[in-house]
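From first to last, the protein sequence lines stand for chains W and G.
Taking UniProt numbering, the leading residue of the first sequence gets 1, the next gets one more, and so forth.
Taking UniProt numbering, the leading residue of the second sequence gets 1, the next gets one more, and so forth.
Simulated from the structure, these hints should not be mistaken for lab results.
Every residue gets a Cβ at the ideal spot worked out from N, C-alpha and C, and that includes glycine.
Check the hints yourself; a few may be wrong.
What the hints assert, rightly or not - Label pairs and their computed distance ranges (CB to CB):
1) Ser122(G) to Glu71(W): 42 to 50 Å
2) Glu316(G) to Ser73(W): 37 to 45 Å
3) Gly136(G) to Ser59(W): 42 to 50 Å
4) Ser59(W) to Ser59(G): 13 to 21 Å
5) Val18(W) to Arg124(G): 25 to 33 Å
6) Lys414(W) to Met1(G): 44 to 52 Å
As the list claims (entries may be wrong) - Among chain G residues calculated to face chain W with C-beta under 8 Å, some are:
7) Phe4
8) Val35
9) Glu38
10) Val88
11) Ile96
12) Ser97
13) Tyr104
14) Glu184
15) Ala210
16) Gly213
17) Gly252
18) Lys257
19) Lys258
20) Val358
Claimed, not checked - Simulated coverage check for chain G against chain W, where a stretch passes if three residues somewhere in it have a Cβ under 8 Å from a Cβ of chain W:
21) 55 to 66
22) 118 to 131
23) 277 to 285
Number of protein chains: 2
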Amino acid sequence: MERFFATYLIETPLDIAVAAESLAGEQSSGTFVSVPGETEALKQRFAARIESLRELEQSDTPSLPGCLSSENSYKRAEVVISWPLENVGYNLPAIISTVQGNLYELRQFSGLKLMDLEFPASFREHFRGPAFGIEGTRQLADVLPDRPLIGTIIKPSVGLSPEETAKLVETLVEAGVDFIKDDELMADPPHSPFKERVAVVMCVVNDHAARTGKKVMVAFNISDEMDRMLEHYDTVVGQGGTCAMVSLNSVGMAGVKKICDRGQLAIHGHRNGWGMLNRHPFLGIEFKAYQKLWRLAGIDHIHVNGIQNKFCESDESVVRSMNACQEPMLGGFPILPVVSSGQWGGQAPETYRQTKTVDLLYLAGGGILGHPDGPREGVKALQESWEAAVAGLSLQEAIQESSALRRATEKFSKHNCSSPVQTPALHAASSP
Amino acid sequence: MERFFATYLIETPLDIAVAAESLAGEQSSGTFVSVPGETEALKQRFAARIESLRELEQSDTPSLPGCLSSENSYKRAEVVISWPLENVGYNLPAIISTVQGNLYELRQFSGLKLMDLEFPASFREHFRGPAFGIEGTRQLADVLPDRPLIGTIIKPSVGLSPEETAKLVETLVEAGVDFIKDDELMADPPHSPFKERVAVVMCVVNDHAARTGKKVMVAFNISDEMDRMLEHYDTVVGQGGTCAMVSLNSVGMAGVKKICDRGQLAIHGHRNGWGMLNRHPFLGIEFKAYQKLWRLAGIDHIHVNGIQNKFCESDESVVRSMNACQEPMLGGFPILPVVSSGQWGGQAPETYRQTKTVDLLYLAGGGILGHPDGPREGVKALQESWEAAVAGLSLQEAIQESSALRRATEKFSKHNCSSPVQTPALHAASSP
């Protein structure tokens, strides 16, 4: 019988083996007292199993409140737990309840983070995964495999009418972007009804495609209640669009999977809300595990932030996320990482140096629209920066080659984060 | 134009007004640089607004990593932000992306928690809310308003066949419970297919109803992908069932709302995964805000843990959650709090003393099935404990009146949490 595996980072005042047992018990056949039906045979067949325990460092203080008190220190460990697939079957919400569920509330732990997941081979047959992935997205957007897709975000995020949005899209497609997305704050509001917005925007995109042969990919934000998402999806298909965006955490697994199952559009997965699930180092879920669940659901793109981003995420963590996306899962399930947050081109050399891939979608909102010489130069700065990056040039060298990038650098290099405080104070507070 | 409001607890190294501005900017018209389209008129109409700022204590250390460093202390404050409804319309996933979204990743904050939400009057017209709520659930389960519903959870959580489950349900309905639920780990696995399980369980429940006139409510866990959830829902309706359970966080808002919209079954909302969203005092979402989103979606019951529970949640927090459920929202949207986790009856007097309500569903799994004299006495212990609680008796006094409760106390009082360590060490580590 196949099993699935979850790796956790735990912190506990108890003996780590005892703590791991309570984790396995809570998430399979156990409860707080033994009950008549929990026979040896049942346990043998259905109990979660501790596959490995690796002791790490100790801490003097608990990372989270609410745990059992200890006179000693709090032990950290990496624990791998497995479950028989027959406990849940091919049911993503039930799998999520099994590998996460009540675990975070156990007072046996002063820290618990889901680090990785591993699914058995038969998942390859039962889940289609991304319908387009990297290659399909390149085909839809007409971008060869030698460079990243260059994209942008409609800004301001909210407030533009459909006509103003279409006007901006016109500027952007003429500037040469491959991809445009709605902001996650823009869905189907009274001041920009979804249907109207798609109609006027796709009119611009289709016109441009007729003239140039290139259909720019637009990720319309369909995030909404279920039936309205399906309607929005049909609207995009009907107007010749190629992509829809969903806010993964706000819509949730059942809704996202249903959308992905349609298979006619590339699905752009936005992870807003992510900080809540990941910002604490000993709580929540690590990106490596998170993105696997969404690849099973079938999304084609997923956000990963970017090097030198405007958020709290470290470059090291961003690189880890990009690497996670590149790793084949069950031999496939290719997904395109979306690099964004405070990007303007200057981060391209460092991004390439650290990841050695061009299989990504590089997004700049303010970085394109806010370029001192306008959006066309903004796009050029991004394109030329990536050419230089792939050629192995440093940012300084790239600036010599590209006036658009030089002008961008003059404006944006002081904006590496959105903070009002001065640059010397910008280093993140020490992370544990 | 109507507005909606969110209250946050923030912690920041910046001036709190500056930090609040960046929060409002990120979640409405702003990005990291100003862009051409962000006109004064647009900002006037669509920008989020700071409604109030209340400075709280300061902290020497940041609660979360990744924030801007500070030579001074980290200031804490309560901030109320509002948005015009026309930014999003009546779209729950878009509202979630607006009030949470990227906020948790902002390095302007070393702590950010969504504490409360307030929606405008027109939400009453656009959202039906719970189709059954407290009164409807009492009617379905035939329980008068003078006492809580007494319920239980099928244990072991996984591993029982449909026939074994039905056998256990027979014992439980004969023992006199009002309510039975699947564990959240039990959905539609190969060893207990949903359809089969519902058929044999409802056969027992319907037989019992025919004999006694009381149809015990069974919350079958329909959590799954969208289409399968709808099938499962129809299965329950078809067999005469009255309730379905969904794992809120694992299924997600779009899926849960779609299920609630059907309106034929009471929807039992399980919040497994909750610890990830709430365990850290300066990250995530507080229950008061969380339950409002789900009441808008239309669930009828929601889990709140219980006094002296087996998890990390303090009694004070549990009482706050129960009070939140009692507070009418938009003048209605009644929801039944589900008290569970390590309950066995002994907690009833204290629960009643602190909340003064019987509008709750009191769940004991091990507490009923593990009673030393069997499930019938387990149910009796719960019933008599609640009678005593409502009569104003203490646990000691209640034990004098009820032999079932006395026997339960002998066994369970040492199990107030599932920990293997001794009782003197059971006090939770100090919470900030």
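Quick rundown of the hints versus the structure:
no. : hint                              : result
1   : Ser122(G) to Glu71(W): 42 to 50 Å : 56 Å, violated
2   : Glu316(G) to Ser73(W): 37 to 45 Å : 28 Å, violated
3   : Gly136(G) to Ser59(W): 42 to 50 Å : 49 Å, holds
4   : Ser59(W) to Ser59(G): 13 to 21 Å  : 19 Å, holds
5   : Val18(W) to Arg124(G): 25 to 33 Å : 51 Å, violated
6   : Lys414(W) to Met1(G): 44 to 52 Å  : 37 Å, violated
7   : Phe4                              : 12 Å, violated
8   : Val35                             : 4 Å, holds
9   : Glu38                             : 5 Å, holds
10  : Val88                             : 5 Å, holds
11  : Ile96                             : 4 Å, holds
12  : Ser97                             : 5 Å, holds
13  : Tyr104                            : 3 Å, holds
14  : Glu184                            : 5 Å, holds
15  : Ala210                            : 27 Å, violated
16  : Gly213                            : 29 Å, violated
17  : Gly252                            : 1 Å, holds
18  : Lys257                            : 5 Å, holds
19  : Lys258                            : 4 Å, holds
20  : Val358                            : 25 Å, violated
21  : 55 to 66                          : holds (count 4)
22  : 118 to 131                        : violated (count 0)
23  : 277 to 285                        : holds (count 7)
The structure does not agree with the numbered hints 1, 2, 5, 6, 7, 15, 16, 20 and 22 stated previously, though it agrees with the rest.
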